[in-house]
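Trainee: Construct the complete structure from the given sequences, taking the supplied hints into account.
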Amino acid sequence: MELERIVAEYISEAKFEDLPNEPVDTIKNVILTILGTTVAGATAEGCQEVVNQVKEWGGKEEATILIHGGKVPAYNAALANSVMARAVDFCDGMIPGIHLGSSSVPTALATVELAGGRNGKEFLTALIVGSEVAARLNLSASAYNGFDPTGVCSIFGAAAIASKIMQLNSKQTLDALALAFNRSGGSFQSNIDGSLAVRLIQGLVSQSGIICAQMAKRGITGPKNFLEGVYGYFHLYAKDDYNAQTVLAELGKRFKMTNVLFKKFPSCGGTLASTDAVLELMKKNKLVPEDIAQIVIRVVPATYNLTGHPFKIGENPKVDAQFSIQYCVANALLRKAPELKHFDEPYIRDPRILEIIKKIQVMPDATLMERGHRTADMRVTTKDGRICHSIIDVPRGYPENPLTEEEHNERFMSCIRYGGKPLPEENIEKIVSLVGQLEAVKDVRALIPLLLC
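Just so we're aligned, residue 1 is where the sequence shown starts under the working numbering, counting upward by one.
If you're looking for bench data, these hints aren't it; they were derived computationally from the structure. Where a beta carbon is used, it is the ideal one built from N, C-alpha and C, also for glycine. Treat each hint with caution, since some may be false.
[Claimed, not checked] With a straight-line cut-off of 16 Å between C-alpha atoms, the simulated EDC-like cross-links for lysine to aspartate or glutamate are:
no., residue 1, residue 2
1, 253, 18
2, 28, 405
3, 312, 355
4, 253, 439
5, 28, 439
6, 121, 13
7, 336, 291
[Said to hold, decoys possible] Distance windows between CB atoms, simulated:
no., residue 1, residue 2, range
8, 315, 432, 35 to 45 Å
9, 432, 385, 45 to 55 Å
10, 364, 314, 15 to 25 Å
11, 171, 252, 11 to 21 Å
Mentor: Structure (structure tokens):
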């Protein structure tokens, strides 16, 4: 129980004054990203249906459904808001496919309303420590072995954030995390099959995080050895291949949550290196779709399993396209600068795209693991016999190849422009200003009315 106790005490005792600038700056970028993707995703497929469902459930009016309006129990507001935040898949991410922000930010906002308000320092602290705990408990792709890291691990972050904002003590926080462990789950089969469950899992994480904190506050206990126990998290999900020091080393001093991917393009992280590769070859060799005879792309097996399968349009074309290297490469070839609208059904069904896809082959290659699991090796053969080759190890947006401040702002604005329920212009400037100076904000609930149409 020692590891579990230390983690719970870290969450309950952390103070803003002890936080370095880097995690504060990172979490502000996460917040701005998620507010943008929530606007962009508000009218995406399935989101209105989730909003309608939580309104039909009714209950105590504790927290706001963003963009659409209306108040419902906090855990259901977080559910709906997280589904919207993840819907366009342009949110932040972390290796090997865990999405934290789309749960952490909606969880924090809903819990702040539930708690009757919190200042910016308290809000930032909760988000940082919750994200840090999830980042330290995050596993490798081989350990997850097809489990969705978001459903399995992000829930610890959501429970920690809700616990911190609700001001639970360390014992209650431990119970909230332990209860959250019992709600861990989710499979990448949802992504492969192009189902709306991908975004719903994100919402269920947030909903469960708040419920677990509420139950812990009421005295409902969870297994004390939820991490290291004989049937704990590390046994079930990591097959006992773990080191407690990996979780605890320099806790509170060195921050893993800063290793965030802010996507340059609005598709699965597994598609980004291939998109970068084709754009690089287009620039260097002045390639156009008409030049292409064949494109062969090699990626690591885990990336292939998630995004390398042959592209087909199923029940949810947007999800199919977001999780397809073939589609993303063809889209970049045809339209040059991938945009959110390019993942809408009319663009996906464009016959020109489907013709280009026929020329693209994606293959798994385990030897690429030596270079890193994000690597894409692309070889383009042109009709006149030229061979164009590119290897991308670190796509744009990863910590080692970060976006500029200008690019962060452009990502946010592209989401605002795409949204089917646009915000008033004056609200947009206020949101950017408030997020930039959150540590000085007296009550974070000031953000809520700015996020209503």
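Trainee: Hint by hint, which ones does the structure fall short of?
Mentor: 4
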